[in-house]
Amino acid sequence: MYRYDEFDHAFVNDRVAQFRDQVARRLSGELAEDAFKPLRLMNGVYLQLHAYMLRVAIPYGTLNSRQLRMLAHIARKYDRGYGHFTTRQNIQFNWPALSEIPDALADLASVEMHAIQTSGNCIRNVTADHFAGAAADEVADPRPYAEILRQWSSVHPEFSYLPRKFKIAVTGAERDRAAIQVHDIGLHLKKNDKGETGFAVYVGGGQGRTPMIAKKIRDFLPEEDLLSYTTAIVRVYNLHGRRDNKYKARIKILVHETGAEELARQVEVEFAELKNTELKLPDADIQAITSYFAPPALEPRAEGWANLAQWKKADSDFARWVHQNVQPHKHPDYGMVTISLKPIGGIPGDATDEQMEAVADIAEEYAFDEIRVSHEQNLILPHVALADLEPIYRALVATGLATANAGLITDIIACPGLDYCALANARSIPVAQEISNRFASADRQAEIGELKIKISGCINACGHHHVGHIGLLGVEKKGEELYQITLGGSGDENTSIGEIIGRGFEPEKVTDAIEVIVDTYLGLRLDQSENFLAAYRRVGPQPFKHALYGNAAAAA
Amino acid sequence: MTDKVLTANRLSDGISVWLDAAGTWNTSLQEAFVARHKEAVEALEATGKQAFADNKVVDVNVVDVEEVDGVLRPLRMRERIRAGGPTIPYAAGYAGLNATRSVVA
Ligand code: HEM
Ligand code: SF4
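From first to last, the protein sequence lines are chains A and B. Residue 191 in UniProt numbering sits at position 191 of the first sequence, with consecutive numbering throughout. Residue 92 in UniProt numbering sits at position 92 of the second sequence, with consecutive numbering throughout.
It should be emphasised that the hints constitute simulated quantities derived from the structure, not laboratory data. There's no promise every hint is true.
Unchecked claim - Once the Cα atoms are required to be at most 27 Å apart in a straight line, the calculated BS3-like pairs of lysine-lysine come out as:
1) B/Lys56 / A/Lys77
2) A/Lys280 / A/Lys248
3) A/Lys312 / A/Lys215
4) A/Lys478 / B/Lys38
5) A/Lys330 / A/Lys194
6) A/Lys37 / B/Lys49
7) B/Lys38 / A/Lys37
8) A/Lys330 / A/Lys165
9) A/Lys37 / A/Lys280
10) A/Lys248 / A/Lys167
11) A/Lys312 / A/Lys330
12) A/Lys167 / A/Lys280
Computed from a predicted model, the values in this text were never measured in an experiment.
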């Protein structure tokens, strides 16, 4: 993975020192809240319902064991013993004292981590496919490009005060696991007919109160033009984005109002100016960054095949876990392991300090010291020999992290919602927990198959509900919580925004409603190979409306 | 008039607090001073403004409460959760809210 150079170290340490001084002046009363608030936000510190919240960046979701242990240490020392992994591949701590945050940031800096640009109207943490560098279906590793973008965008003077926040995601495979079409810029890394590397460029996607699917404005952008073209896009946005209205300030609105074609034309004009400047990426630079992401030396471990067969036969729980949570690696003797942070009835995305330590130990011993955070709020061990799966599974069982539900109905994404979030209208976590408990049976989950439920506690859509196969949005109605259900959303290479199915459900009725939807699907699918999303796309909303609301609604 | 209390988050650690009758910021809603008429509410507002200006607390608000069997209960769910803590057992040993009595339901 990328290692800080001297400049990076000095820069991050300076920022910690600067923030320490700002916090001291705030606590002494020298700085008023109005002056301090933007400063704390620039360092990832929010104020939530119960306490401050610290959001720490995990660039493209990649961590080593040392870093994960540091996150455990932060949870233990400055928080209440846990952290929340988010849909943006970051981690949030829910209880740090402002007076101690500078110390926490200094500790993080010692392992090359920080909280810079995790808030504010700047270019945020660049996200990438969590299986990057390992997936069997990958064309090229997206992380070197994500790292190049990270370096370019870090404290970029021109882009530190954009009309609104700006999110970039990169995938290196046809199968999009980074939800690039719901980002401000989505980059699909690919090769052209001549074998050259470049990107399909999508712009103007987003969730929030106005969900939009990004428009493709370039089929193939040569890799050397990555920064000049991205700069051109952000420059056009910076000039013309709607600064007059916070709710219309994202680039998606600009793309929508301007039209993708006209916007692409404006970008091309800027790009022509920038193309042959110092923003052009020399091959040597790309190679240099890429070398940081060289895959580990994977020895042949062919014995794993026989071992695996034997272990599976001996232990059906293990077999189920392998089937659900291990996916094919580029190397046939290896797999990619999803460590589910969705125990039945648990809090999606939360991990205790002990669990983080345990995963760090496992990664160090068996998985080349590498851990990823997925936007689905799970952890990933990207390189694992099949021959090591059994001991890894035992270690995960011991720490309560061996739930075999990756991609199933209990692998629910949920934002913090009204249990923590100052912007929330309704709770998300208890809803996720109740659904998880209702569908706890492993056999039932397997029967239902792939089904993504995503829950947000307000229209900001941090829980990705717009792209859930089943999405739940918490709203407040007459002082009570109510959950609106959307169906048919998807955040992959065939992105779609879910459709509102009808009136919302009270907290005590929402799990029943989910069950009705699931049973309706089971009743109408062609066979087990037709998953929920495919079935929904085939039959549309009517059968589900009918099942939920009866004939009158279905006819409407 | 709806009963009201004054709430905020402590500057130094962000923890939710309520103004009590002794004029101190208390971590328990149940200790809060309840304003039952206009003048008392105005006094709360003035105290809140001053505490904010003195850099003791942030996010100062007057919120509606009702008293049920001697227990203060904010009218809005958001404020009930602020008072009771997350409604979920988030860490080993966490008992949730006030452990013995729920103010959320
Ligand atoms: C202090 C807590 C949080 C606050 C104040 C917050 C605020 C917001 C706001 C205001 C938006 C809407 C932006 C827009 O539409 O322009 C948003 C979107 C989003 N947030 Fe959060 N959020 C919080 C926590 C989280 C968490 C925990 C996650 C991940 C689980 C997350 C991930 C996202 C994502 C993925 C989006 C939608 C993508 C987009 O920007 O279009 N946020 N957030
Ligand atoms: S979706 Fe709303 S409730 Fe959930 S974390 Fe985002 S801002 Fe908070």
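Requested in this report: May I ask which of the numbered hints given earlier this structure violates, with the numbers listed in increasing order?
Outcome: Hints 2, 3, 7, 8 and 9 contradicted; others consistent.
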